[in-house]
Structures are given as C-alpha cells and as structure tokens.
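Enquirer: What follows is the residue order along each chain.
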Amino acid sequence: EAGVTQFPSHSVIEKGQTVTLRCDPISGHDNLYWYRRVMGKEIKFLLHFVKESKQDESGMPNNRFLAERTGGTYSTLKVQPAELEDSGVYFCASSRERTLQFFGPGTRLTVL
Amino acid sequence: LAKTTQPISMDSYEGQEVNITCSHNNIATNDYITWYQQFPSQGPRFIIQGYKTKVTNEVASLFIPADRKSSTLSLPRVSLSDTAVYYCLVGDVNDYKLSFGAGTTVTVRA
Numbered sequence: 001e002a003g004v005t006q007f008p009s010h011s012v013i014e015k016g017q018t019v020t021l022r023c024d025p026i027s028g029h030d031n032l033y034w035y036r037r038v039m040g041k042e043i044k045f046l047l048h049f050v051k052e053s054k055q056d057e058s059g060m061p062n063n064r065f066l067a068e069r070t071g072g073t074y075s076t077l078k079v080q081p082a083e084l085e086d087s088g089v090y091f092c093a094s095s096r097e098r099t100l101q102f103f104g105p106g107t108r109l110t111v112l
Numbered sequence: 001l002a003k004t005t006q007p008i009s010m011d012s013y014e015g016q017e018v019n020i021t022c023s024h025n026n027i028a029t030n031d032y033i034t035w036y037q038q039f040p041s042q043g044p045r046f047i048i049q050g051y052k053t054k055v056t057n058e059v060a061s062l063f064i065p066a067d068r069k070s071s072t073l074s075l076p077r078v079s080l081s082d083t084a085v086y087y088c089l090v091g092d093v094n095d096y097k098l099s100f101g102a103g104t105t106v107t108v109r110a
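As given, the protein sequences belong to chains V and R, one line each in that order. The letter at position 2 of the first sequence is residue 2 when you use this note's numbering, and the numbering goes up by one with no holes. The letter at position 97 of the second sequence is residue 97 when you use this note's numbering, and the numbering goes up by one with no holes.
A portion of the hints provided could be inaccurate.
[Claimed, not checked] Incomplete in silico selection of chain V near chain R, CB under 7 Å: (1) E42; (2) I43; (3) F45; (4) S87; (5) F91; (6) R98; (7) L100; (8) F103; (9) G104; (10) P105; (11) G106; (12) T110.
For the record, the hints were derived by calculation from the structure and aren't laboratory data. Computed from a predicted model, the values in this text were never measured in an experiment. Note that the Cβ used here is the ideal one computed from N, Cα and C, for glycine as well.
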C-alpha cells in the first residue's frame, strides 16, 4: 500500500510569490489533514478534510492560505502571497481513524 | 487536550532498552495515550496507542499505571536507526487535531 505522498519535497520562492503544495493521501482514507512546523516551533494543525468537505480550518493562519480537496482525493494548499514567516515544513496526513494518522514526508518551504 | 510533559532528550547505546516517561496529570476519562516517532526529514509515524495497563506491538511497549497520570514508552534493544524524536500525545479518539509538543529526541550511539 502506497503511503501519503507530497510534492514538491522542497520549494524556494521569493516573498510575494505564490506556491501550491500537493498531497496525495492513502487510497480509501476519507480524512485528510494539513499540519506545519515553522522554524523552532512545534508541529501545528492547520485543517481537516472529510472527503471534499472542510471540517475544521481553525488552524489556518490567515486568508493567504487556501486548501482544497477536489473530488475528495488529493489536496492542495496554496499560499498567496507568501511571506517570510510562512517558511517551514508542511505535512499532510490521512486516516481512517482520527488519531491513527499517516503522515507524508513533508514539503520544506523557504520564502526568501 | 491534556497537556503532556516528557524529557527533551535521551541518549542511549545500541542494544540497550530505552524508556521514555510522559506525564499527563490532567488526562480525561475518554483520553487515550498515543506515541508517534519522527525521523529526520520524515513525517511523524504512529507507533503505539493505549488506554490502560500494558500494550505491546512489534515496535514498542507502552506501560500505563492505574491512575493513568503518566505512561512509559519502552523501546527494546535499540539500534542506531531508532534515533528519532518521540512524541507523547493524549486525547480522545475523536480528537483529530494532534498536538505534538516538543517531543523527546532519542540519540542512539554505537
């Protein structure tokens, strides 16, 4: 069974540019989550999808972040425009059961 | 979510047993204890979950005393590849917002 995949593994962009991160969950997992760790901080929850519906986006830092999950399969997280403080590692996870989440390797985002 | 406290770091040698204790004094009746492991440049990986007494799988054992105010993750005969950050999480099984905290960095030396 393939695990959660994320693309790209690394992204370096200039402040003010747009970046889109992609997550492919494990097949059959209706629950999909985004987390991030910014420099020196702990991993923090961003949002939760059940199939294509956003169940909870309380962790999204501001309206520069937009997550979608069209068709209930893969998900994208767009940052527009990117700011310096957005640098960090963005993790995607998927699950059948809520506490047993399978994480992807993360996308390391660097905003210059 | 119940707050957890665990050591920042632990050092060990290959072949030894590593025990990481996590304190969670305000654990609620419906809360479970879950441990995740994270290797460098990877996402966290679930290793074990328990409610009370002892749980064992192929990776680790989890010991939970009767009062459930703490728990101990036991890694038997560690190898260099067990070097990782280990996170103790406490929450209801319906809690999807996992709260990782700082974790315990375990370093295994030859």
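Enquirer: Look at each hint and say if it fits the structure.
Expert: Hints, verified against the model:
Checking E42 of chain V against chain R: minimum C-beta separation of about 6 Å stays under 7 Å; hint holds. For I43 of chain V, the suggested interface contact is upheld, since its CB lies about 4 Å from the closest CB of chain R, less than 7 Å. Among the interface hints, the one on F45 of chain V holds; its C-beta lies about 4 Å from the nearest C-beta in chain R, closer than the 7 Å criterion. Interface hint status for S87 of chain V: violated, as the beta-carbon distance to the closest one in chain R is roughly 16 Å, over 7 Å.
Checking F91 of chain V against chain R by beta carbon gives a least distance of about 5 Å; that is within 7 Å, so the hint holds. Evaluation of the R98 of chain V hint against chain R yields a held restraint, the C-beta minimum of about 4 Å falling below 7 Å. For L100 of chain V, the shortest C-beta to C-beta distance to chain R is roughly 6 Å, which falls under 7 Å, so the interface hint holds. The beta carbon of F103 of chain V comes within 3 Å of a beta carbon in chain R, closer than 7 Å, and the hint placing it at the interface holds.
For G104 of chain V, the shortest C-beta to C-beta distance to chain R is roughly 5 Å, which falls under 7 Å, so the interface hint holds. Annotation: interface hint on P105 of chain V holds; nearest CB of chain R at approximately 5 Å, less than 7 Å. With a cut of 7 Å, the hint placing G106 of chain V at the interface with chain R holds, because the nearest CB-to-CB distance is about 5 Å. The restraint placing T110 of chain V at the interface with chain R is violated, with a minimum CB-CB distance near 14 Å, outside the 7 Å limit.
Of the numbered hints given earlier, the model fails hints 4 and 12; all others are met.
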